[in-house]
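Engineer: Sequence:
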Amino acid sequence: MPVTLCVGGTQSGKIRAVETLFNYSLRQHPEDDRKILYVDLNHSHNLLSIPGSLGAAIVQNPLSIREGFLLNLKNPIMYCFGHTNPFNNISLFQYYVHKLSKLINLKRDQMQDLEVIINIPSWLQGSCYRLLLKTCQEFQVSHVIVFESCIAYNQLIEDMPPFVKVIHTPRIISALSPRARPRDQVDQIFEYFFGTPSRPLTPYKIDLKIEDVNVFTIENVGLKGVTKVKKSTMLKAIQESVQSIGYYSVLGVLHSSHLINREPEDYYKAVIQHYISLQRIKRHTIHIISLIPRSALVLPLNVILTDQKLTKVNSRPYIADIVDNEPDKKPDRNRERRRETDRKRRR
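So the sequence shown is residues 0 to 346, counted in numbering that gives the first Met the number 0.
Derived from the structure by calculation, the hints contain no laboratory data. Hints may be right or wrong, so weigh each one.
Claimed, not checked - DSBU-like cross-link-like pairs, simulated, lysine-lysine; straight-line CA separation at most 35 angstroms: (1) Lys281 with Lys204; (2) Lys164 with Lys101; (3) Lys281 with Lys34; (4) Lys268 with Lys133; (5) Lys235 with Lys281; (6) Lys164 with Lys268; (7) Lys208 with Lys101; (8) Lys208 with Lys268; (9) Lys164 with Lys98; (10) Lys235 with Lys268; (11) Lys268 with Lys101; (12) Lys98 with Lys268; (13) Lys133 with Lys281; (14) Lys204 with Lys268; (15) Lys308 with Lys34; (16) Lys101 with Lys281; (17) Lys281 with Lys343; (18) Lys133 with Lys106; (19) Lys164 with Lys34; (20) Lys164 with Lys133; (21) Lys106 with Lys208; (22) Lys34 with Lys106; (23) Lys133 with Lys101; (24) Lys308 with Lys208; (25) Lys308 with Lys268; (26) Lys101 with Lys34; (27) Lys343 with Lys98; (28) Lys235 with Lys106; (29) Lys235 with Lys98; (30) Lys101 with Lys308; (31) Lys204 with Lys98; (32) Lys308 with Lys281.
Build out the structure end to end from the sequences listed, making use of the hints.
Structural biologist: This is the structure:
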């Protein structure tokens, strides 16, 4: 079965074309055998999750305007890259691409009739183009669809092996303008937590103790006295202070089952379960927004800090104000006394 990679410029309409390709490919198969493995490496406009994510999932049903894309997924695997530019941490990006390629190739060996569609950003020039060639080699692609760019199409014909079919297609008119794309990323983060007007979501507002949250950032750490090391060994998860995090920051919650028998510095190798947003920090507590209730959270939370922000939180009236209070939290009697004293003075 084919392994198709889609690449194009920021205004080429590649995202809409990928969705159309999904529907066409799924409708060519009988209902009992509808399966497409979708790999999303587009860190700036991700169809599987928020921007800054890399992942893969099996799609079985055609996409619809009402249901959207996320409801058609089965067992998605998601890594938290945390940036919208791969060169902010190119070693980490290449590590996740390598991990996903090994997983996809193993899945293809188990299921011979599984079709794969890969969505990547606009890697058309310079270092990005070399990253494109390496990605094609990692995933063993059989077809490359180039949207709009004739220069990249001619260059890929020369650089690709003869068994890889390179296809050129013109720009799709429904593409977003450059001014709309940053706004589209903000809306994508908002829709992850609160849904759309047709399918609204009501996330939980939860108060947690500061010691119940461990925040990590993934950085490249140089090794002294070592000249040649693997790129994966130079990556390290470094714990940060919760108080240093900015308000409205989006955090990727690591899957607790993937952290067993792992050192904290290797937490970047684990997949994430979901995202949360930090809204407020008090003395000993933090206020977060989560799609998963407090009873389902596995404490302490190990999270990866991203560059994304959740804004416009108070702009929608249908947001549910659900607060999970701590069971052992006692009322502040001093505060009640001060309030009673203020009332008497006003009288």
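Engineer: Are the hints correct? Go through all of them and say.
Structural biologist: Okay, the hints, checked on the actual structure:
{"no.": "1", "hint": "Lys281 with Lys204", "result": "15 angstroms, holds"}
{"no.": "2", "hint": "Lys164 with Lys101", "result": "22 angstroms, holds"}
{"no.": "3", "hint": "Lys281 with Lys34", "result": "47 angstroms, violated"}
{"no.": "4", "hint": "Lys268 with Lys133", "result": "21 angstroms, holds"}
{"no.": "5", "hint": "Lys235 with Lys281", "result": "29 angstroms, holds"}
{"no.": "6", "hint": "Lys164 with Lys268", "result": "33 angstroms, holds"}
{"no.": "7", "hint": "Lys208 with Lys101", "result": "38 angstroms, violated"}
{"no.": "8", "hint": "Lys208 with Lys268", "result": "26 angstroms, holds"}
{"no.": "9", "hint": "Lys164 with Lys98", "result": "25 angstroms, holds"}
{"no.": "10", "hint": "Lys235 with Lys268", "result": "10 angstroms, holds"}
{"no.": "11", "hint": "Lys268 with Lys101", "result": "14 angstroms, holds"}
{"no.": "12", "hint": "Lys98 with Lys268", "result": "9 angstroms, holds"}
{"no.": "13", "hint": "Lys133 with Lys281", "result": "46 angstroms, violated"}
{"no.": "14", "hint": "Lys204 with Lys268", "result": "28 angstroms, holds"}
{"no.": "15", "hint": "Lys308 with Lys34", "result": "34 angstroms, holds"}
{"no.": "16", "hint": "Lys101 with Lys281", "result": "43 angstroms, violated"}
{"no.": "17", "hint": "Lys281 with Lys343", "result": "29 angstroms, holds"}
{"no.": "18", "hint": "Lys133 with Lys106", "result": "20 angstroms, holds"}
{"no.": "19", "hint": "Lys164 with Lys34", "result": "22 angstroms, holds"}
{"no.": "20", "hint": "Lys164 with Lys133", "result": "16 angstroms, holds"}
{"no.": "21", "hint": "Lys106 with Lys208", "result": "41 angstroms, violated"}
{"no.": "22", "hint": "Lys34 with Lys106", "result": "12 angstroms, holds"}
{"no.": "23", "hint": "Lys133 with Lys101", "result": "14 angstroms, holds"}
{"no.": "24", "hint": "Lys308 with Lys208", "result": "22 angstroms, holds"}
{"no.": "25", "hint": "Lys308 with Lys268", "result": "23 angstroms, holds"}
{"no.": "26", "hint": "Lys101 with Lys34", "result": "19 angstroms, holds"}
{"no.": "27", "hint": "Lys343 with Lys98", "result": "66 angstroms, violated"}
{"no.": "28", "hint": "Lys235 with Lys106", "result": "28 angstroms, holds"}
{"no.": "29", "hint": "Lys235 with Lys98", "result": "16 angstroms, holds"}
{"no.": "30", "hint": "Lys101 with Lys308", "result": "31 angstroms, holds"}
{"no.": "31", "hint": "Lys204 with Lys98", "result": "34 angstroms, holds"}
{"no.": "32", "hint": "Lys308 with Lys281", "result": "19 angstroms, holds"}
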